[in-house]
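Peer 1: Using the sequences and the hints given, assemble the complete structure.
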Amino acid sequence: VTNPADDSPSEVLRATHLLVIQIMEARAGDWTQEPDGLKRRVVELRVRLEHVWKGDTRQKSGDEIALAVEQRGTGTYRVADDYGVWSKVEPAAGLRLLAFCRSSSNDLAELLQPPQCQQLGEAPVAADVRVALELEMRNLTPAQLLAAAAPLLARARGVLARYVWARVREAVLADEKLFELYARIIEHPPTSAEARDVLLTAVYEELSLAAAPPRGALIRLARTMLVLLSVPQAQSMHANLAEVYLPNLTGLSHGRPEFGPSSVFGADGNAWAMARRTLASHPDWDPGGQLARWLAQPPRSP
Amino acid sequence: VRLRTDVAFDGTGLLTRNSGAVGFYTSASGGTALKFDGTDNKFTGAGLTGSVTLYAEGIAPSAALDDVELKLALSGGTKTIQPDAVHKMTSVEVTLDICQSRTAAGADPTPLSAGDKINVGRTVHVQDAGHHHGRALVIVRQVRPAAYAGNLSLRPRDARVSLFAAADEVPAAGQAAIANPHVFAASTVPGAGLKFWAEGASVSAALRDSGAELGVDGVEPVADRVTITVARLRRLEARIPATPAKRARMGNSPVPAHVLRRGTTAAPDRTNYDVDFTTNPPLVLFRDAVRAAAPVALSVQVEPAGVPVRWSVQRDTRPAPDGDAADVIALSPNGLPTLTPDGGDPLKATLMADAVGSFHLRPFVDANGDNAFQGDDAGGARIDREPFIIMNLVLLNVALFRDDSVARSANMVAAVTGGGGIRVTSGAFDITAPAGEAIHMNVLADVVGGGGDGRRGLDRAFAGWCNNEAANEDIAGTFRDASVAPALNRRSFTVFASNLAASTGGNNTFIPGDPAPALVAPALLDTGRGTPGTGGDTATLTRSRIRTRTDQPVGQRWRVESIDSPGDGDGANHPGFPAAVLTRFRFHLDFKAYLCFWTSISGGSGATGVACCRVYTVLHEYTWRMRGEWTIAGGALTVVTAPSVRISGRTTHNPAVAAADSPIEVRAPTGLNLLGRDARA
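Sequence order for the protein chains is A and B.
Under the numbering used here, the residue at position 84 of the first sequence is numbered 84, and the numbers go up by one with no gaps.
Just so we're on the same page, the numbering used here is the position in the second sequence counted from 1, plus 302.
Since the hints were made in silico from the structure, they are not lab data.
Facing chain A, according to a computed beta carbon distance under 10 Å, are these residues of chain B, among others: (1) D706; (2) V708; (3) S711; (4) A712; (5) V726; (6) S728; (7) A730; (8) A737; (9) G738; (10) I777; (11) L802; (12) P868; (13) G973; (14) L974; (15) N975.
One-sided excerpt, in silico: chain B residues whose CB lies under 10 Å from chain A: (16) F703; (17) D705; (18) S707; (19) A709; (20) T719; (21) R725; (22) N744; (23) T829; (24) G832; (25) T852; (26) Q854; (27) D870; (28) R948; (29) L977.
Because the structure is a prediction, the values reported are computed rather than measured.
Where is the CB? At the ideal position from N, CA and C, for every residue including glycine.
Peer 2: Below, the structure is given as structure tokens:
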């Protein structure tokens with residue numbers, strides 16, 4: 001795996017080390033009160049390094065180390081902040097974790113301490129990472145990567161989606177055909193909700209910051225958003241699509257639409273009608289009616 | 303003039319003159335002027351025998367050399383009278399002028415009147431090592447009569463002033479003051495006069511205690527003079543009121559104002575007089591960060607006391623890329639921020655942050671009477687600057703480009719814990735993966751500062767999401783207590799209390815027998831930052847950040863984001879009545895999120911303590927709330943109210959408003975530090 005860059009949107013690519021560990025033994029100390037109102041305790045661990053998925057370590061697979069980690073929290077169920085990477089897990093013997101680390105060290109004991117250790121993922125996260133690493137090993141072109149990732153994203157969480165985005169970002173924005181492939185993955189009903197959310201917001205934010213966003217990409221993304229309004233599997237995104245993303249993308253939120261529905265749908269009257277029907281059936285998504293009025297402009301024939 | 307005879311004389315002598323250009327007096331100073339009326343100019347022989355002394359004074363310049371003729375004629379008496387005694391004189395007039403400051407390069411400054419050059423004089427600022435201050439033009443006028451062949455002598459009155467040659471109007475390293483005294487032939491003075499420049503070398507002890515003097519060498523050391531006051535403007539101070547606590551309580555008030563000073567060193571510091579925004583770092587404020595009721599308070603000190611001080615604010619109009627771009631200027635209808643001199647104390651003024659761009663704020667001495675500071679002219683050419691000190695100022699504009707904030711109800715999830723409790727989560731507080739969080743506060747904002755690219759000052763500007771708990775929390779567990787008859791419901795619910803130390807149930811829980819919680823009313827700051835609410839990003843959510851600062855043709859576009867993912871829950875049993883079993887849980891939270899901006903001249907985003915980390919403006923705000931309610935029975939949850947996270951009431955302020963004009967609370971205490979549970983019943 002290359003490019004362990006600080007600014008990559010992918011935690012897989014940002015990490016210098018991806019380490020699968022198992023907690024062999026955990027002994028938690030007593031909670032003590034801290035001046036900031038939180039509580040703190042130290043957990044003494046015996047950790048076995050199971051696999052090194054990325055990076056080099058001084059320890060070999062199967063080696064065990066002793067480690068004392070800090071947990072912080074309110075002492076209750078209340079969670080109001082990120083209290084540290086080890087505070088998000090319940091360390092217990094037998095627990096397997098995937099550690100995302102970023103450091104020049106190769107010592108497991110150092111790598112597993114924050115801030116070197118940036119995230120600890122459990123099994124679902126590890127599955128995403130394994131898929132991402134397998135894709136990475138194949139040295140795929142962006143088109144090949146999108147084709148290969150599309151079915152995998154049905155079971156994926158955000159980790160795989162962010163990896164895909166990081167690897168295809170530049171190509172997708174530069175190539176209309178790739179953008180089309182990317183958009184279809186977002187629209188594809190089996191794509192998981194979290195992966196869809198990641199892929200859509202990533203390209204949306206990228207276009208938002210572009211000095212001169214490609215008009216074709218803007219229009220295609222608007223179509224994706226309108227299509228998603230009718231996709232039940234995208235239900236968790238519907239309100240945000242209608243209330244935030246579509247008005248912003250089209251320019252409606254500034255009162256100056258940059259393109260009309262005719263640009264989006266062309267001669268596809270069915271898709272246009274579907275979008276209008278969907279929006280009409282959810283007036284709460286568009287309380288001011290601005291999106292409905294925009295959609296009411298009929299598409300032109302080609 | 304001495305009148306006498308060579309022998310004892312018993313007649314009379316009559317003194318006459320052919321011109322009134324020279325007057326004659328009976329004493330060296332004061333005395334009686336001779337009227338030449340035939341009486342006062344008639345002297346007795348006895349007087350002349352012993353010698354009569356008169357004192358001559360030039361009254362008007364001679365028209366030509368030796369054109370004044372003085373004649374003593376004797377008459378009467380017993381002695382033989384020789385021919386009349388005749389002497390010729392020349393009345394020489396020399397003039398030294400000092401000028402006001404120029405109003406523009408190439409426009410000669412106006413000389414002070416004969417009275418003002420003595421009684422008012424000219425003020426110059428003591429020179430600094432960077433040669434920022436102007437010199438005053440001193441002119442030696444052509445001698446009358448012009449044919450006078452003697453020498454003139456020019457010198458500073460004392461060491462407070464140095465004089466420089468005509469070519470040295472603009473001070474620079476390597477220039478040498480003229481000799482003291484500077485003696486030169488009167489014949490070298492041209493018709494337009496001979497120019498010199500007076501510079502302040504050290505500060506006057508009193509008004510007009512220095513100056514320059516012109517004499518006729520060998521005749522009169524001080525034939526004319528001008529007065530000069532060497533001033534120093536120092537300790538220029540801007541006091542910027544901080545955003546006050548919305549409610550003064552629990553030690554959060556008063557919030558100290560920021561104080562920025564220039565000119566505090568013992569010797570003048572060259573940086574305090576420089577228009578360059580790198581050499582003389584500016585005060586940076588967001589537009590409208592201060593309110594009319596509490597503007598920036600300005601003050602300055604001046605030496606010597608009594609030097610009249612005025613106030614000026616000017617935009618940076620230097621040629622590109624230094625001066626403000628037209629697109630910067632156009633962001634505000636005000637070309638300049640409002641500067642209001644104090645009506646009673648000329649050393650004080652107030653300033654509003656009601657313009658956009660780069661400015662020079664100057665107390666100055668008006669040396670040409672036009673009530674405006676002149677330093678460099680419109681073309682950038684330096685002129686004989688009026689005395690001044692500078693505080694540079696950059697006022698930033700911010701406008702919302704896009705609000706991409708979204709709430710994600712799907713991430714609000716409830717689960718049964720071991721033993722029959724409930725845990726509600728809504729994310730992992732991972733700003734790099736906002737799709738997994740309850741709310742992603744996320745905007746694009748256009749920030750414009752000064753200069754040709756609109757980016758001056760932006761490295762001293764920051765932004766973040768400030769969250770307030772806008773209402774009392776409604777996180778409550780209902781527990782069925784069947785140990786009593788009849789069975790009843792008991793509750794455990796969150797409260798904001800100032801007496802958490804009085805709770806005995808552990809984890810800030812008030813149980814039966816404890817005093818009632820001393821409730822603290824919202825709105826309350828919501829942050830997990832250390833030393834919360836003390837300035838800068840300590841008023842923002844822990845995960846708040848400026849993700850990107852993207853250069854635009856003018857200014858930058860910032861993506862400012864944060865996430866929040868509160869979670870809570872309850873155990874299976876009531877904290878105060880262990881026999882009572884959890885049957886219902888409600889999770890209702892109400893927040894108000896504010897997109898805030900602030901500055902810090904140190905360049906750090908935190909509570910740096912320096913101007914102006916405690917001065918916030920609000921660009922955008924909205925309400926967000928979390929709702930969810932469940933029943934728990936037999937280890938299973940049933941949804942009563944579907945989990946939801948919603949944003950509403952999005953409001954943009956254009957331009958951004960002072961936080962003091964918004965409902966926002968930026969000061970401690972935080973809700974989290976006051977959070978407890980009331981489980982007394």
